[in-house]
Amino acid sequence: MTIERLMVDGQAKPFSHYCHVTRAGNLIWVSGTVGIAADGSIPASVVEQFEIAIANMDACLKAVGAGAEHVVKVVVYLTDVDDRAKINPIRQRYFGAHRPASTLVEVSALVLPELMVEIEAQAVLP
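Using this note's numbering, read the sequence shown as starting at 23 and increasing by one per residue.
Calculated directly from the structure, the hints in this document are not laboratory data. Treat each hint with caution, since some may be false.
Claimed, not checked - Result set (DMTMM-like, lysine to aspartate or glutamate): computed pairs, CA atoms no more than 25 Å apart in a straight line:
#1 K108 / E70
#2 K35 / E73
#3 K84 / D31
Input sequences plus hints: build the corresponding full structure.
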């Protein structure tokens, strides 16, 4: 089985030794995506950050031929768990009828102090 490890255009440069998305056969793993825009800016609100993070995740999925309908599991990290209600409408809009398994975790910090949310995904292609 071939393993593809991709760096996706428009994504923030990795902060460590990893790629944006990995595909092995029909299995896909998207590294944690955050709310850093293509120009390197970071919005001040968790909602704007999550909009960017979801778009970044989607770009990684599309880079390996997948989409929201193929996601089987997501993990969301928030620096304030009370922000869940603010970001949930974005999740609902993105996934629609496709409800992946999900874990939400409050963390003390993310890779940069101004970041408030991160999402990672696992997907399966038919």
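We went through each hint and held it up to the structure:
As the CA atoms of K108 and E70 are separated by approximately 10 Å, the hinted pair is consistent with the 25 Å bound. A hinted pair counts as satisfied when its Cα atoms are at most 25 Å apart, and K35 with E73 qualifies at roughly 18 Å. For the proposed pair K84 and D31, the alpha carbon gap of about 12 Å is at most 25 Å, so the pair holds.
In terms of the numbered hints stated before, the structure departs from none.
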